[in-house]
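Participant: Sequence:
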Amino acid sequence: MLHFLLVDDEPGHVIGFTKLLGKLRPGDAVSSARSGEEALRLCERRVFDLIFTDIRMPQMTGLEFMEKLDPANRTKVVVLSGYDFFEYAQQAITFGAFGYLLKPVDAAKLQEVFARAEQISERERRDRLRQQELAARIDRMEPAYSGKLLQSWIDGTLSGDRLGELKVILPIAGAGAAVSVKRNSSFGPEEASRVQTLLRRYGGCFCFVNGHDDEELICVLGDGVDPQAAGQVFEEPELRFGAGHLSAGIGSRRDSLLEEAHISVREARFARQEYFYEEDRAVFAIGASRLDRERIPALASAAETALKEALRSGDEQAVTAALAGMFREWRSPPYPLPHRLRDKCKLLLVKMIEDHDLLREGSLHDDFLREIEVLTEHTAVYSQLEGGALEVVVRAVRTIKEWKENHRHQLVQRCLAYIDEHYRSDISLESTAQKFGLSAGYFSQYFKNKLKINFTVYLNQVRLSKAKAMLEHETLRVYKIAEAVGYQDVKYFNRVFKKEFGMTPEEYRKTIRILRQKRG
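Letter 496 of the sequence shown, counting from 1, is numbered 518 in this note's numbering, and no numbers are missing.
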């Protein structure tokens with residue numbers, strides 16, 4: 023006996039269709055729902071063999087109902103419509119609908135739907151019996167032993183005698199293919215069972231968690247299963263949601279799964295690596311793989327030199343452009359294997375750090391190397407590697423720029439201290455620049471940019487300030503004071519002093535004495 027669900031908001035349609043079902047299938051059960059929301063609640067409580075839904079309903083259309091329905095139930099939906107709209111049929115098929123019927127429903131076409139449904143129901147019944155038999159066989163065995171048996175099977179290390187033991191518990195015999203599913207969180211037995219249920223829509227299969235790596239799920243598909251069609255299961259949002267990076271590789275069809283499943287598993291794992299480059303996809307077949315086992319990621323010396331020079335100059339924009347160019351070149355198919363690209367990126371970044379004296383220093387050097395190690399060992403996708411590499415080089419550029427700024431600030435302070443200590447001597451722009459290992463032209467511009475005053479004016483201000491203090495507190499002759507502050511020509515000293523303060527040194531001294539007498 024089959025159990026049907028009818029979803030329609032019009033009571034007349036429900037009554038009429040229920041009578042037709044009763045006439046054609048008197049021994050079957052019929053339930054009804056007036057809306058998509060009510061139908062979803064009913065589907066959560068029990069399993070229906072077929073679900074007939076009107077396509078035009080308020081609040082939630084038949085297509086919206088299908089979209090919210092558990093993927094395992096979508097293939098049981100027959101869409102009813104009073105409109106022969108191709109786009110409705112197309113969308114329904116996209117969602118995996120079992121059939122599409124026009125109202126008023128033709129009894130002959132409905133009988134065809136029932137015939138197909140009975141075939142599928144019978145196949146599912148046989149599959150359930152097989153699964154129950156398999157569970158009973160495995161239950162009779164030591165779980166740890168059967169797990170080791172399966173593990174050795176996919177590793178290709180199972181001996182002849184133990185292949186016979188495995189054959190007893192395998193639910194699938196003959197030809198087929200393997201799927202390797204990988205994500206960055208653990209699979210549990212319940213999830214393996216759920217994936218197996220989804221895959222059984224396409225035919226015989228069984229799934230189990232890799233005993234050496236619980237972030238990998240192995241699915242073995244029987245010969246009647248189209249691997250490409252079954253692969254759509256791993257594109258389901260319900261399966262991918264919250265799973266982080268999930269990818270599935272499909273190996274080639276092998277004539278004997280018992281003896282060659284490990285080859286298909288190995289191929290599936292290889293194909294799955296393409297996800298590193300194509301993270302917007304989830305399923306990768308070995309027959310369409312764009313990975314190249316032989317390709318070594320190369321880098322033109324000019325590109326590496328451009329990155330090195332951009333880093334030395336502290337040009338963040340140029341560094342970003344140089345690195346982006348390298349990654350664009352590496353991403354062109356056929357792709358190198360991900361581990362080779364990660365190794366190449368690691369070599370490039372480490373060399374970049376080692377080539378710069380500042381970045382080789384102490385704890386800073388160790389921090390960069392640790393960051394590069396974590397980046398290149400643990401990135402799951404290309405965009406992460408590129409983004410992480412960019413963060414490393416940008417941090418390197420900013421570290422160098424910060425050091426240079428601090429160094430320049432220290433250089434200014436050292437220059438000012440040097441002038442304060444040697445203003446009495448015959449120092450000049452040229453001699454001071456030479457003292458600090460700089461050209462006179464660069465030093466002149468640098469000094470003015472930092473202090474907003476040129477070197478000669480600043481030196482004169484220092485000397486004149488010292489001279490004022492000596493005129494105020496000492497009785498030395500003016501020419502002695504001039505010599506003491508670095509002027510060898512007293513006339514020149516008198517001239518620059520008057521230009522700066524509006525009076526000669528002698529006049530300034532007299533003025534200070536008069537002011538003191540008035541105060542005293």
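Think of the hints as simulated: they come from the structure by calculation, not from any bench.
Heads up, a few of these hints could be off.
Unchecked claim - Only pairs whose alpha carbons sit at most 25 Å apart, straight line, appear in this in silico SDA-like list of lysine to any residue: (1) Lys-170 <-> Glu-59; (2) Lys-170 <-> Gly-182; (3) Lys-472 <-> Arg-531; (4) Lys-131 <-> Gln-141; (5) Lys-490 <-> Ser-450; (6) Lys-90 <-> Gly-49; (7) Lys-502 <-> Asn-428; (8) Lys-502 <-> Lys-472; (9) Lys-532 <-> Leu-473; (10) Lys-189 <-> Gly-169.
Claimed, not checked - Quick list of simulated restraints, FRET-style, between CB atoms: (11) Asp-277 <-> His-25: 15 to 23 Å; (12) Gln-483 <-> His-431: 18 to 26 Å; (13) Glu-393 <-> His-431: 21 to 29 Å; (14) Gly-38 <-> Gln-141: 53 to 61 Å.
Just so it is clear, CB atoms sit at the ideal spot from N, CA and C, and this is done for glycine as well.
Participant: State for each hint whether it applies.
Facilitator: Structure-based check of each hint:
{"no.": "1", "hint": "Lys-170 <-> Glu-59", "verdict": "46 Å, violated"}
{"no.": "2", "hint": "Lys-170 <-> Gly-182", "verdict": "15 Å, holds"}
{"no.": "3", "hint": "Lys-472 <-> Arg-531", "verdict": "34 Å, violated"}
{"no.": "4", "hint": "Lys-131 <-> Gln-141", "verdict": "16 Å, holds"}
{"no.": "5", "hint": "Lys-490 <-> Ser-450", "verdict": "21 Å, holds"}
{"no.": "6", "hint": "Lys-90 <-> Gly-49", "verdict": "30 Å, violated"}
{"no.": "7", "hint": "Lys-502 <-> Asn-428", "verdict": "40 Å, violated"}
{"no.": "8", "hint": "Lys-502 <-> Lys-472", "verdict": "33 Å, violated"}
{"no.": "9", "hint": "Lys-532 <-> Leu-473", "verdict": "34 Å, violated"}
{"no.": "10", "hint": "Lys-189 <-> Gly-169", "verdict": "14 Å, holds"}
{"no.": "11", "hint": "Asp-277 <-> His-25: 15 to 23 Å", "verdict": "40 Å, violated"}
{"no.": "12", "hint": "Gln-483 <-> His-431: 18 to 26 Å", "verdict": "21 Å, holds"}
{"no.": "13", "hint": "Glu-393 <-> His-431: 21 to 29 Å", "verdict": "27 Å, holds"}
{"no.": "14", "hint": "Gly-38 <-> Gln-141: 53 to 61 Å", "verdict": "27 Å, violated"}
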